Each structure stands twice: as C-alpha cells, then as structure tokens.
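Q: Chain residues, written in single-letter form:
2 protein chains.
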Amino acid sequence: MTKVETLERLVHVPLGERSYDILIGPGLMTRAGGEISTRIKGRRAAIVTDENVGARYLDGLMDSLQTDGIEAVSVTLPAGEKTKSFDYLTKVCDVLLEARIERNDTVIALGGGVIGDLTGFAAGIVRRGVRFVQIPTSLLSQVDSSVGGKTGINARQGKNLIGIFNQPDLVLADTDVLDTLSEREFRAGYAEVAKYGLIDKPDFFEWLEKNWREVFAGGAARIEAIAVSCQAKADVVAADERENGRRALLNLGHTFGHALEAATQYDSSRLVHGEGVSIGMVLAHRFSARMNLVSPDLADRVEAHLREVGLPTRMNQIPGELPPTDVLMDAIAQDKKVKAGQLTFILTRGLGQSFVADDVPASEVQRFIEEMRPS
Amino acid sequence: MTKVETLERLVHVPLGERSYDILIGPGLMTRAGGEISTRIKGRRAAIVTDENVGARYLDGLMDSLQTDGIEAVSVTLPAGEKTKSFDYLTKVCDVLLEARIERNDTVIALGGGVIGDLTGFAAGIVRRGVRFVQIPTSLLSQVDSSVGGKTGINARQGKNLIGIFNQPDLVLADTDVLDTLSEREFRAGYAEVAKYGLIDKPDFFEWLEKNWREVFAGGAARIEAIAVSCQAKADVVAADERENGRRALLNLGHTFGHALEAATQYDSSRLVHGEGVSIGMVLAHRFSARMNLVSPDLADRVEAHLREVGLPTRMNQIPGELPPTDVLMDAIAQDKKVKAGQLTFILTRGLGQSFVADDVPASEVQRFIEEMRPS
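Chains as they are written, first to last, in the numbering used here: chain A, 1 to 375; chain B, 1001 to 1375.
FYI, nobody ran anything at the bench for these hints, they're computed from the structure. Accuracy of the hints is not assured; some may be wrong.
Here are the computed lysine-lysine pairs in the BS3-like style, where the Cα-Cα straight-line distance is at most 30 Å [stated by the list, open to error]: (1) A/K159 - B/K1082; (2) B/K1082 - A/K91; (3) B/K1159 - B/K1091; (4) B/K1082 - A/K82; (5) A/K159 - A/K91; (6) A/K91 - B/K1091; (7) A/K41 - B/K1159; (8) B/K1041 - A/K159; (9) A/K159 - B/K1091; (10) B/K1041 - B/K1091; (11) A/K91 - A/K41; (12) A/K82 - B/K1159; (13) A/K82 - B/K1091; (14) B/K1159 - A/K91; (15) B/K1082 - B/K1159; (16) A/K159 - A/K82.
Some, not all, of what chain A presents toward chain B, calculated at C-beta under 10 Å [unchecked claim]: (17) A122; (18) V126; (19) G129.
For clarity, every value in this text was computed on a predicted model and none was experimentally measured. Backbone N, C-alpha and C define an ideal beta-carbon position, used for all residues, glycine too.
Could you put the whole structure together from the sequences, leaning on the hints where they help?
A: Shown next, in the form of structure tokens:
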C-alpha cells in the first residue's frame, strides 16, 4: 500500500493443478501472443468478443497472436446480458469445434463479465475442456469475474443458473483499456474494489479513501488497486474454491444489491451491478449498526466514501419507482436460502471485519427495508 | 472368480471427494428410494428417462422415491442418439430449474448410455452441479458409461465433443432389468465385458470363456461379470481420472470400432457400438500378431470366443458395403491423434496384456485393413 515502484504486477491464484497467474499492467493486450505462447503449447486460438470491445481491440489482439505464431479465428457476439444464453453457448461451441480447437489450444475471452462467463463455460465443455485465457476489459471483470472460475449462462428462471467452475490458464488485465470506459462503468467496477477493503482489509479501504482520485486517473495507483483486489479475491477463492463457506464473504452488499437489480428488471439505464453493490454495502453497514454490531458512524464513513467517488448509496437514487417491500423481500429470499424465517447475510463488526451471519430474522430485514426505502 | 455366495455386490470408485459406490444386483430399482435417501440430503428429485425405458420402469421408480419421502418429477425424452443434443440439454436444464432442484437434490438418469450422458451433463451444469444418480438399464451402460464420469452431448462435428467430467453420487445397476434386453443388445454390452479381460485380466477372460452362458442366462454369474467389469474400469479411472495416460487402455478395440461405426453412419441396423468393439478387438489382436507381438493363435482364440457368444468379429459380417480403405483411415485418424504418420493404438503382448502403442505406422495400418476388409 506504500509507494509502487514497478508497473506490472503478477497475482498467483494457488489452486493446485488449476493454479494460474493474473498479469496486471499497461500494454498487455499487445503482448498477449508472447504471454500465451510461452505458457500454452497449442498453436491455435479462438477469440470470443462482443461488438463494442471487438471493434476496438480485436485486430490488435489478432496481430499479436499471429506475430507469436498462433493461428487465430474470432467470433463477435452482441454486447449485453442477453448473450449469456444457450443459443450463444451453442454458437460459440460450434465455432470452437469448426476451428478444430483441441485440448492444448486456447480460447480467449476478450471483453467484460458477459463474454468472460459465456466463453469460460464454452471452453470448459468443448472436448471436456480446452485452454482458456481471459482478457477482461472492464474494471469489474478485472477485479471480480476474472478471479474465481465461476462461468455460466442465464436461464429464464434466473441469472447464472447454468454453468461450471472453470479456472482460466491465464488472465491478462490490461489497465490501458480501462481508459476507454465511461465514468459510470469505471465507478461501478470501483464498488467491487472498495468491497475488498470492507470485507477484511481496513488498511486498503483507508488507502482508497486517500488515493481514489489516482485510482480513477490511471497509472500506478490503479494497478495497485486492481492487484490488491485480485489478490484479495484469490485468497478467498483459494481457501474455498467451490463456495462452501468463506467464499460467501464476497457477497458483501450483494444480497441487497441483487434484489435491487431484480427489482429494476436488470435495466442498466436504472441500475448496473456495481451500483446495486454500492447501495447494498451501505445497507449492510447500516443494518449491522441497527443490529448493534457497529456504530452508525462506520456506516456514515462507508457511505461518505462511496458517495464521494460518485456511486449511488441510497435506494432513492435509483430512477423510477421500486416495487413494494414484500417484492424486495421475495427477491432477497430467492437470492439466499431462507431457513425458517432466517436469512444469510454478510454483516460487519467493524471496518474490514465482515462475517457471514446465517441467522438474520427476515422480519428485521423487512422492517429495515421499509424504513430505508424512499417513502 | 470362484463361487459367488451373495447376490448383491458393491464396487467403490475411489476418487477422493468425488468417490462413489456402484451397487449391482437384483431388485435395486424398487429399493432406489431407500438407497438414495440414506446417501443424499435433499428431498427433491428429477428423473430423466426415454420413452422405452420410461414406459417400463418410471412408475415403479417414482413409487419407490415417494415411499422414502422424496418428491420427484420426471421428463421423458425420445430414445436414441439424437437426443444427445443442445436442444435436449436445454430442455432438461429447464425441467430441473422449474422443479427447483437445488445443490443437495437429486437428478436421476434412468436409461442407457444416451440418457446417462445427457443427464450427467445437465446435472453437472445446473446450479454448477447438483446430485446425480445413475440407474443404467443396459448391460453396456452398467459396465461402461456408468463408470468414469464422462458425460456430454454430440455436435455436428462428431460424437461426445461437448461435455464435462461429472462423477455420479451413486450408481444402481439393477441386474433384473437386463432380462428385458434383446439378445443383440445384451451381446453388444458383453463385448465391453470381454474387453476388461483382454485389457489386463486374463483370468477373467478364461472365466468368461467357460461361464459366458451363465452370464447371458442371468443370476450370480451375470452379477459377478458386471462387478468385475465395473471394478476393472474403476481401477483404471481411479489411476487416471482425466484421461492423460493409462485410461487410454479402455479404448482397446475402439479405434477400429469407432471407424466402422462412422463408416456405417452410426446406423444401428447395420452396426451397434459393442459390435464395432468386438470386430475392433479382433482386429487389434490380429494386428498385434502382424506386428509379431503375439502369436496368431491368440487372435484366433479371442475371435473364437466372441463368435461363440454371437458377436460379429469380421468386417464382412457388417451388412451393406463399406467405404474405401482411405475413408476408413480418415476415420481412424480423426478418432486418434496422428503425429507425422504415426497412430496411437491399443495393442497387446499376450492374453490380457494390452498396452498403449503411440508409434504405429499409418501405412502398416492401411495395408492391414486392405487385407482384412471384404474384397
């Protein structure tokens, strides 16, 4: 958290034979061919991207692969959450098989979380698994979905209900590409960065309070923030790869957040994931104060920082009307298991002292939401 | 291999946290509810079956589950290889999600290899994996596809090209249901039983030569043969779960066999899988003799046994015309990696002494097929 000397960072995710490296730094996209060819034997690759990201980066990536002797094909899909479907999964698998991608060849996800989730799933099921490299192009996907191995698609019953755990062989987080993100998209990713501080890294949260402008501006502080975030998630995932315990901490702010996303029909003009997480994290801290676990000052402090960077922190900042409280409660109950009127929530006992509470009375949550929601 | 005292057998497949049991014996279908409820916590189940098997066994299985407090839904699919498609995978996933099958609930595959492969794949991807029980109803699926965890569907580029490794939580091999198989279907499964002897169990092959009529008749000898086969496959899989080495031995007879299946367009009126394997095993032994690895007498002995049980052993027994030899060679090359004119084959140095030969000259194979094929 002190002065950063070198620009490029490496985070190792230790998962036995599924271990892999995350490289974080500027210009990685143009060096992708070299980084891949030194680590993966096969000389073929297939790139999966979306229309927005592909228009900007596909040609350069193809050039880099070709320079290092990797023959690549590509498929460009529509941008957006609807692409995480069985139809596009079928299409991607077909492209990979037509390109004769074998076990030691590489499938590259070039894009944000949607492309990463869909492509990682396809790479894990074609020939029962081929090599998989992620080049995440949003801050959110660099600090969140590129670590942990969760891949999948949506079903009509809900998001991410079909998929597998498939760890990548390599992640190239090129920090230059973040310069082209919109302010809103960068901020939404930042909510997940702040989350790692609030889970169990109080020093990191304090560092963000002081240095967030530099993180937004780019350069060494941004690389540092991404590296710390990836390392934080890697530590949690290494301890609990299949999500049986500690990994639940990563859901800080997400139970409320997911409910708000569902309540706004995943309409990104009203609310994007990171914004829901921001409001959710403030609610988690306020609810912890309500349960006398922390002082209300801590909730104020967390809210002040998220508000300062420009993130929404309250339900009344969501444009349009929210559904009644019971509908929000239903969404919360669907997101998490309800056992005899008790909910599992991530609460906190102090700055960076989050914990899994599996006995939160649903009635308390309902009363709390009733008070916090716009009247 | 000596006298069998008790009827029911248990084969344990030791794969660490993915370990599971295979129960083999009469009447297991009617005890399925009890066997499942003692091993799996969830009280919901979904049965996937096909029209033929479902008509015969679905009601009884539902009753058994209900008796033991498991609430079950079912989905019945068309019988046949075409069901191993993305369309039916999508359908099965939808049924499982609609039935609110959760992580600790059970998906049951009731049928042969097609149903087992499709259902195992669906069970492995819904909610990133729910509990999975196989009730294989053909001899082939009891001794082969129920052990090893390979699941998947077909693509237009080839069979089984999309899937995952997903070990079941339990396999119930009810030997009573085999009484309703056609002679031809039973024999086709028997080819895989004989294969385990030919791979590395010469005593078992000798026992089969003496006792095959009892195996076909049912009762203790059949249960013994299935248990030995499952144990043999379990031993190979435990040593090499992801198919990097020794597991290739299970392909004895399959390189030739798959090529013949492809050459007959997977038309089961001409050739079914086990028949292709039978011809393929004889060819593998004849080719081993040609390479001076064994005496021609061994190939004669293997052929004599397979012929005695009623299996085809020569290419000229396949109804209709076979394509030219280069087309067969192309099919062989597609099935196995070709490295600079060299093929990987399973050959043998004696009865039950198979080994992986990865330097077989393609030109030798071509000449051999030319000689063996019907002129």
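Q: Against each hint, give a clear statement of whether it holds in the structure.
A: How the hints compare with the structure:
1. With a C-alpha separation of about 29 Å, the suggested pair A/K159 and B/K1082 falls inside the 30 Å cut-off, and the hint holds.
2. Pair hint B/K1082 plus A/K91 holds up; C-alpha atoms about 18 Å apart against a cutoff of 30 Å.
3. Between B/K1159 and B/K1091, the direct Cα distance comes to roughly 19 Å. Compliance with the 30 Å bound is thereby established for this hinted pair.
4. Taking the CA atoms of B/K1082 and A/K82, the gap is about 28 Å. The hint holds against a cut of 30 Å.
5. For the suggested pair A/K159 and A/K91, the alpha carbons sit about 19 Å apart, so the restraint of at most 30 Å is met.
6. Among the hinted pairs, A/K91 with B/K1091 is consistent with the structure: their alpha-carbon atoms are about 17 Å apart, no more than 30 Å.
7. Between the alpha carbons of A/K41 and B/K1159 the distance comes to roughly 25 Å, so the proposed pair stays at or under 30 Å and holds.
8. Annotation: proposed proximity of B/K1041 to A/K159 holds, straight-line Cα distance about 25 Å (limit 30 Å).
9. Proximity of A/K159 to B/K1091 is assessed by CA-CA distance (about 17 Å); at most 30 Å being required, the pair is judged to hold.
10. Straight-line distance between C-alpha atoms of B/K1041 and B/K1091 comes to about 25 Å, which keeps the hinted pair within the 30 Å bound.
11. At roughly 25 Å between alpha-carbon atoms, A/K91 and A/K41 fall within 30 Å of each other, so this suggested pair holds.
12. With a C-alpha separation of about 29 Å, the suggested pair A/K82 and B/K1159 falls inside the 30 Å cut-off, and the hint holds.
13. At roughly 18 Å between alpha-carbon atoms, A/K82 and B/K1091 fall within 30 Å of each other, so this suggested pair holds.
14. A distance of roughly 17 Å separates the Cα atoms of B/K1159 and A/K91; the hinted pair therefore holds under the 30 Å criterion.
15. Of the pairs offered as hints, the one joining B/K1082 and B/K1159 holds, with about 10 Å between alpha carbons and a cut-off of 30 Å not exceeded.
16. Of the pairs offered as hints, the one joining A/K159 and A/K82 holds, with about 10 Å between alpha carbons and a cut-off of 30 Å not exceeded.
17. Proximity of A/A122 to chain B holds as hinted, the smallest CB-CB distance being about 9 Å (cut-off 10 Å).
18. A least Cβ separation of about 6 Å between A/V126 and chain B falls short of the 10 Å threshold, and the interface hint therefore holds.
19. Look at A/G129: its Cβ gets to within about 8 Å of chain B, closer than 10 Å, so that hint holds up.
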